[in-house]
Amino acid sequence: MIEGRQVVAGEAILSGLATSEHIQDEILERLVRQHSRLVYRIAYTVLRRHHDAEDATQETFLRVLRYSTKLAAVEDPKTWLARVAWRVALDRWKRQGKAREVPLEDPEQPFAEIPSSEASADDVLHGTRVSGVVEKLIAALPEKLREPLVLSTIEEMSPREVGAVLGINEAAVRSRVFRARQLLKERLAHLVSAR
Amino acid sequence: MAERDHDEANSSIRKSEELDRALDAALTRYAAVEPRAGLEERVLAHLSGERAKLPARTWWKWSVAIAIAAVFVLAIAMGLRPGRPSHPVIAIQPPAPDKPTHATQAANPAFEVTPRRRMRTHSMVARRSEPGALVAILPKLDQFPSPSPLSDQEKILLSYVAEDPERAALIAEARTKALREDAKERAAIANGERD
Chain A
811 MIEGRQVVAG EAILSGLATS EHIQDEILER LVRQHSRLVY RIAYTVLRRH
861 HDAEDATQET FLRVLRYSTK LAAVEDPKTW LARVAWRVAL DRWKRQGKAR
911 EVPLEDPEQP FAEIPSSEAS ADDVLHGTRV SGVVEKLIAA LPEKLREPLV
961 LSTIEEMSPR EVGAVLGINE AAVRSRVFRA RQLLKERLAH LVSAR
Chain B
212 MAERDHDEAN SSIRKSEELD RALDAALTRY AAVEPRAGLE ERVLAHLSGE
262 RAKLPARTWW KWSVAIAIAA VFVLAIAMGL RPGRPSHPVI AIQPPAPDKP
312 THATQAANPA FEVTPRRRMR THSMVARRSE PGALVAILPK LDQFPSPSPL
362 SDQEKILLSY VAEDPERAAL IAEARTKALR EDAKERAAIA NGERD
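Keeping their order, the protein sequence lines are chains A and B.
Under this note's numbering, the first residue of the first sequence is numbered 811, with each subsequent residue one higher.
Under this note's numbering, the first residue of the second sequence is numbered 212, with each subsequent residue one higher.
Isolated chain A (complex conformation) (with noise of 0.2 angstroms):
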């Protein structure tokens, strides 16, 4: 009789596991299809090419594979999600070991910074190296206000995700992309009297 019912609790046992992997398979499926751009873009804003973003994003899930057993209980996918690809993109930035320079014509053009037939080629060729030059000043300015900086480029990023990627309260995130920006300002404005 003792037998019978550890054979039926261990049934139910079984059952229960397996329901759980699938849920929590369910739960990574959902997380990849809805978040996988995002942590794409997240890790491309550190890492700045494209096939270390997209290593990134697989590494970020894979990291979340790992824990799956976890995720039912995350509050908030997006945000922990978005924490998660920015460590691996700043541990994958660290390995790399130094700080890269990015090239102003850099062979890997961001798809959505191909021009646009509308553009005129004088525009198109103006806003390129604006672009790679703000992305030079962007590399130099204080990590501080880098960080808030760029994860508030992403359109998908609110500067309460933000804050909570970086640890921080979104007036500081305010505060610190404010100040970021005046410094982009000031140094393109020095740039632009210089010639």
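I should point out that these hints are in silico values taken from the structure, not numbers from a laboratory.
Errors might be hidden in some of the hints.
With beta-carbon atoms standing in for the labels, derived distance ranges [stated by the list, open to error]: (1) 876/A - 285/B: 34 to 40 angstroms; (2) 235/B - 905/A: 30 to 36 angstroms; (3) 281/B - 885/A: 33 to 39 angstroms; (4) 980/A - 260/B: 35 to 41 angstroms; (5) 402/B - 879/A: 34 to 40 angstroms; (6) 901/A - 239/B: 22 to 28 angstroms.
Built from N, CA and C at the ideal position, the CB exists for glycine as well.
Based on these hints, arrange chain B on the given structure of chain A.
Structure of chain B alone, referenced to chain A:
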């Protein structure tokens, strides 16, 4: 003069606005990248590949360990049920001088217990269900084997075994059998109570 100042101020404002626009555009481009098509599928495929490589989840091991522990606890609990002697049970025989003859033994195969043979201690219990068998309940000691010298009863037992080992073996066998049957009965009763 005032007109010139006004023009210069306007020009400065225009430049500032242009810089703002250029900066906005550059910052928008900074993270406005799209991954190569099929990122989600690649991530999911990678995850399913990695999932197969992951070692068996640790909670399976934990479940097995808990099940084994539960079985042990159950066994111990059954062993400590009230009414069952918790101390080592030793079947002893009367001293050698009172050794019955073969004829007596044939007439009364289960060894007859006389008041004298019950010794002088209340630690020896004769059980009604097992006539002829003497059970000594010894005090439970912290250390086993006991460092204390042999008691009188143990000495008597030893001398009896030395004198007639064959008979001692027969009695020991009978006692063991009786104990096993008793244990089975108790288990059956316990199961009956639980059911």
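List in ascending order the numbers of the hints, as given earlier, that are violated by the structure.
-> none
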